[in-house]
Amino acid sequence: MAENKNDNLDDDVSRRRFFTLMGLGVGWGGLLTALGGVGVGAARYMLPSVLYEPPTVFKIGTPDEYGIGVDTKLKKERQIWVVRNERGLYVMIAICRHLGCTPNFFQDQALFRCPCHGSIYDTRGNVLGGPAPRTLWRAGISLDPVDGQIVVDFNMRQDPDPKGTPEGLMVEEMGREVEPYFLKV
Amino acid sequence: MDDIWAYPYRLGIGIFFVVGTLVFMGAFIGIAVWLEKALKEDDTKK
Amino acid sequence: MLKLLQKIRSIVNQTQVFKSIFRHGYPDTDANRALVMFSNVILHLHPVRVRRGALKIKFTWCLGGLTFLFFILLAITGVILMFYYVPDTRRAYNDIRDLGTVIYFGSLFRAVHRWSAHAMVFSVWMHMTRVFMTGSYKPPREFNWVVGVILLVTTLVLSWTGYLLPWDQLALWAVTVGSKMAEATPFVGAAGPFGPELGRNSGNDMAFALLGGTVVGQSALLRFYVLHCLALPLITALFIAVHFWRIRKDGFSGPL
Amino acid sequence: MSENASESSKSLPKQGKLADLIKKTASEKIGPENTVLVWPNLVYLELIAIMVAVATILFLSLVSPAPLEELASADTTPNPTKAPWYFLGLQELLVYFDPWLAGMVLPTFIIIGLVLIPYVDPSPLGKGYYTFKERKFSMLGFGFGLALWWVLILIGVFFRGLDWSWYWPWDDPHVHQPAGAVKLVDLEILLQDFLGLNEAPLVTLGRYAVTMSNLLTWAMFLGFYAVGFTVPFLFFREFYRKLGFVRYNLVMFFFISMMGVPMKIFLRLLADIKYVLVTPWFKI
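Residue numbers (the working numbering), protein chains in the order written: chain A, 472 to 656; chain B, 35 to 80; chain C, 233 to 488; chain D, 1224 to 1507.
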């Protein structure tokens, strides 16, 4: 408090100065706090608490409907591919990991290729080329104990850290084939 | 490396980048020089 | 014939109605030519006199003014288009198709809106290039250059938000790609560097705030509609006003 | 401002240039004899410009109405999907850089860089008239950025086809290009194989396993900036002195970053390098 030293000399002025400063501090501080509060409130306001979006858990039939290889019949309706290999079955989400376009499957090349920026994936979801920074998602799946159908949870997504290799961005396959992202059926 | 001019066109695209950038820069500088001259001549004409 | 027209004009100029609107005679004398700049709200964007250099097309290429013209064309045609458009995912596409097929001149107004948008992006970009080339951003006009950059950004964002409204394939994918970029923003996007570390997920990140959901759907369409038709045009108009005000205050940078 | 001007006039090799300019500016006549009335001179010019522009827009609108594609559907992306032309530069950058960099950081850098221009270049030379001779560096720098942007737009408009592959005008646009032709590798893997470095991490910081080759890529990346900052400082003292410490560093940061963009593009094109720098959180 530098003002206090002058108390004897000019008590009145220093007190006035003190109250002025305090008033300014409280006033500006209050205004800025209020504005900040409004800003935070507005930002929170823009994040809706209730969503009216299509359901993200759905059934796709029994496992024996899907043979070895990539099945693209649910791509239009559900945005997924059902893939079966020698060990079992998994579901990949048909959303490119680069910028969200829908890749196309090329049966002859056994590759997924994205039309937007040319990302290339193999049937396991590994990135063989193009700008995609991560491998394709696999959705959480389980078997309904009542009717034996596969239940897909679209928002439950396996997203392991890929490793850069000379072939592309790879994830060790055995590590991916675990519950609940893989059905040994 | 069988044919360097075949897809994915490495060299071709590289050359296109360099030449394209140089052409655009040349046009940019060229327009500035032209307008500098043109506007000066306008002044002297009057 | 010419005499007759002049006579009619002089009579019209004398009427109370004409005087009440324009407050002075037709600008054919120096005094009235100065007065018109003071008393007309649109013309008073100009000074009364300019230096000769300001008339040279080779200097300005009319680019700033044309950008403003395109903005006005966009505002007018935009309001016209709004009469038939409902921002509802079930209706939007059909409304736009109706404009092109069954509504008189709907196709024309939509085409003018689209071409003006392309033209505005082009002319605002060229205007910036021109201002750089003539060094017109140098003191004391630094701040007006900053306002200009803001206007460039709002122009681009306006174009981008307008792209979603027809709800066709181009719309959906242009906005999907854009919202994925928002998701990849460092610190505030769920897929961006350090985003997950700071607790961002698909339910609280930047893309979620932009789309009002996790997919490009009804809430995204409504948000983009409000941004495109109300919020961004207002912001742009405000900055255009500041831009013009500063041009008048800072003066013309050209020679002579 | 005036301090700056006197400083640079002292240091300029052609001493007379700035002095001439100041003399010219001072003697410039802005009196009534050099001005004209806005009405009718400027107002009519504007009227003509407006009429020409509106006529052009109307003509274009009648010749080519606005297109409408198929109804939006999330399950099929049109192949290829092209943004409007003014965003194609950005879309093209997204091929070479991750979305956080190409979509967010680089555009932010461009905008901040544009905003900074008048504050890092307050030299009175070239104010209010076209010139190249008097401000070579700023014209070349801005021209380079502009050229790069337009070239990227051109590529997006004319040279990208199915699967966003490159198509020359003489290629058949309906045939897919071979997918397996490009195999992308990270720089650190190339270094590891080329120099025979140990794959085992030196240190592990949480998720981050720092290998020898990874450190080497850090050194190269930071070295690129270090060289960029140092070389002009050492060899173009005049340039540094005129700008001063803060301006010099701002200019050089944005300039080097701008030069880094085509360099990464060339590394990708010619050496198939996917990332030059890899961390668990971001990749460049």
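Honestly, I wouldn't trust all of these hints.
What the hints assert, rightly or not - A short list of chain C residues far from chain A (calculated; beta carbon distances all over 12 Å):
id	residue
1	Arg241
2	Asp260
3	Arg265
4	Leu277
5	Arg281
6	Phe300
7	Val385
8	Trp405
9	Val409
10	Ser411
11	Asn436
12	Leu443
13	Thr446
14	Tyr457
Stated by the list, open to error - With a straight-line Cα cutoff of 30 Å, these simulated DSS-like cross-link-like pairs (lysine-lysine) come out:
id	chain 1	residue 1	chain 2	residue 2
15	A	Lys530	A	Lys546
16	D	Lys1305	D	Lys1487
17	D	Lys1465	B	Lys74
18	C	Lys235	C	Lys481
19	D	Lys1305	A	Lys547
20	A	Lys530	A	Lys544
21	A	Lys546	D	Lys1406
22	C	Lys481	B	Lys74
23	A	Lys530	A	Lys655
24	D	Lys1356	D	Lys1506
25	A	Lys544	D	Lys1305
26	D	Lys1356	C	Lys288
27	A	Lys634	D	Lys1356
28	D	Lys1487	D	Lys1506
It is worth saying that the hints were derived from the structure and are not from the lab. Just so you know, even glycine gets a beta-carbon here, dropped at the ideal spot from N, CA and C.
Which of the listed hints are not met by the structure?
-> 8, 9, 10, 11, 12, 13, 18, 24 and 27
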